[in-house]
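Chemist: Sequence:
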Amino acid sequence: MEKDSYFLAKTKIFTDMSVTAGAGAGKTTSLKDRYVHIITESGGKAADITAVTFTRKAAAEMRSKVTKEALHRLNAGLKAGDAAQVRFYKEMKDDLQTADISTFHSLCAKILKEHPHEAGTDPDFRLLDENLAKQLLDEAILESIQSDLAGEEPCAATLVQSYGFAGAVKVTKNMFDNPYLTETVFGEFKPGECAPADEVRRAYLDTVDSLHKLYFLVRGRYAAAKAKLGSIDFNDLEMLTKGVLKRNSAILRHYQKRIKFLLVDEFQDTNPIQKEIIYLLAPRALPAQSDSSGGARRPYLFIVGDPKQSIYSFRNADVKIFNEVKRDIGEENSLYLLKNFRSHKKIVDFVNIFFDSYMAAPVSEFDTPYEPLIHARQANAQDDAQPRVKCIFFDESTVLKDLMDDPFELDENAKPLSKKLKPKAEDYRKFEAKIIAEEIYNIVNGGRKIVYEDKSTLRAARYGDFMVLFKAATNVEFYTKELKMRGIPYSISSGTPFFNRQYVRDMLNLLKAARNPHDDIALCGILRSPFVLISDAALFIISLAAGNSLYEKLMNTQKDASLMSELS
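Heads up, the sequence shown is in the numbering used here, so the first residue is 108 and it goes up one at a time.
No wet-lab data here; the hints were simulated from the structure.
Glycine included, each C-beta is placed from N, C-alpha and C at the ideal position.
One or more of the hints may lead you astray.
In silico DMTMM-like cross-links for lysine to aspartate or glutamate, where the CA-CA straight-line distance does not exceed 20 Å [stated by the list, open to error]: (1) K335 with D231; (2) K119 with E439; (3) K364 with D123.
Ranges of calculated distance between the beta carbons of each label pair, as one might list FRET restraints [said to hold, decoys possible]: (4) E148 with I595: 15 to 25 Å; (5) Q485 with H179: 16 to 26 Å; (6) T581 with H224: 42 to 52 Å; (7) P394 with T118: 16 to 26 Å.
Kindly generate the complete structure, drawing on both the sequences and the hints.
Modeler: Next comes the structure, spelled out in structure tokens:
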């Protein structure tokens with residue numbers, strides 16, 4: 108009988124391999140099983156394996172699962188009185204305490220800490236908290252633009268004139284969202300070598316030249332702020348690691364030799380720099396390691412992921428990379444895990460019908476074809492009697508009728524009832540909220556036993572059994588209002604944190620500016636907030652006044668008749 112993909116993903120270890128696994132098909136389990144098989148069946152050691160995933164929680168779960176398997180086999184050996192088995196699995200369990208099972212960023216941090224001199228980093232560097240990193244970058248951008256505008260040949264002036272002050276800040280931030288891409292583009296940009304063909308092209312080149320100069324001004328100021336704290340950010344981790352491996356062949360060979368198996372989970376969320384690091388460690392030009400061969404070797408590479416679950420652009424993740432590496436590995440070593448062990452058959456059937464047509468024909472390199480899932484979850488006899496998917500459709504006429512039936516929903520700008528009304532976007536959200544709240548209320552109060560207490564016992568639904576998912580929390584208040592009206596208890600598990608809400612940030616800026624008028628960021632925030640409502644153009648004019656801080660510039664603006672005339 109032909110061996111199935113699950114068996115091959117676990118046992119075919121002396122080769123590179125890519126595994127594409129659908130939702131609930133066991134992506135991480137396949138990686139865990141391969142990890143255990145390398146040690147238990149193929150003579151490998153935990154020290155030979157580097158397993159990488161994308162969250163600390165996932166890394167901890169993977170280590171826990173592998174350790175549990177070792178303990179299970181250790182206990183089996185104890186029961187059987189097999190001293191050799193007990194000794195083997197006790198050693199495996201002990202080795203797992205220091206095994207390389209980590210996030211990608213933890214792997215990078217380990218490489219940098221092992222080679223701080225070559226990386227040019229403090230050996231005791233700490234990773235910046237993302238909120239603090241954002242604050243330092245925001246400060247560096249604002250300070251760079253303000254100090255540059257005060258200079259004789261300000262590059263920021265072109266940007267402020269084109270985009271406004273707030274727009275110049277925003278476009279500069281955008282460059283730092285993907286510094287790898289930004290520096291790649293600027294690395295090929297030679298402003299002095301471009302001969303403008305016309306005035307439009309000249310203006311375009313001036314803008315790009317200004318972006319180029321401002322980017323490196325901000326980068327230097329941001330780097331100095333990080334160095335003062337002895338810290339680096341997530342982008343630094345990857346860029347510095349790539350640099351160390353690329354510039355130092357001895358260090359690179361050390362890792363290529365030490366790592367015999369490189370296993371990467373959730374590969375659909377890999378970004379271009381991470382791919383470069385993986386290909387430095389496991390270059391396609393070198394043969395993979397084997398027990399009997401010598402010379403230059405590299406790790407066997409095993410990747411597992413699902414392109415359909417890619418969090419595209421999160422930390423610059425690019426779903427194309429999964430497909431590129433899969434092509435490099437080759438179709439003969441590409442496996443597909445399509446059995447869904449998680450969901451009820453009716454849910455799997457619905458998903459297959461819906462997405463098979465919705466994702467039938469990829470139209471760009473960012474798209475991925477849909478692979479139908481195979482239901483594999485054990486079902487109870489009662490399952491078929493329970494509906495699992497219910498779709499509710501409504502159109503403009505339905506929403507309009509609801510508005511007409513409920514005059515309180517009509518605002519003061521609505522047309523007379525005798526004329527045609529056109530529902531606004533929020534009317535659809537409100538109507539949807541009403542339907543969802545009614546559905547939850549009716550199911551709970553209907554008393555039907557539709558929820559499994561355990562594998563065999565059904566009970567009536569409770570409010571705590573429901574979850575409402577949103578693409579964004581923008582209109583969540585419409586839904587909470589409808590739930591409240593029906594006495595349905597709820598909690599909001601995410602959304603904008605209290606101190607990140609704009610009105611709270613405005614109040615905090617007001618307090619900060621009152622405490623220290625020379626806090627430029629706080630004062631700028633106040634000037635742009637509803638407290639003052641100053642325009643970007645006015646803020647730009649103020650920045651041209653004399654003074655070392657925004658407060659001094661603001662005071663001096665009042666003494667400068669020409670600036671005051673421009674403001675008026």
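Chemist: Work down the list of hints and note, for each, if the structure agrees.
Modeler: Hint-by-hint comparison with the structure:
1. K335 with D231: holds, 13 Å
2. K119 with E439: Status holds; Cα separation ~12 Å.
3. K364 with D123: holds, 16 Å
4. E148 with I595: 15 to 25 Å: violated, 53 Å
5. Q485 with H179: 16 to 26 Å: Given a distance of about 21 Å, which is inside 16 to 26 Å, the answer is holds.
6. T581 with H224: 42 to 52 Å: holds, 49 Å
7. P394 with T118: 16 to 26 Å: At 21 Å between Cβs, range holds.
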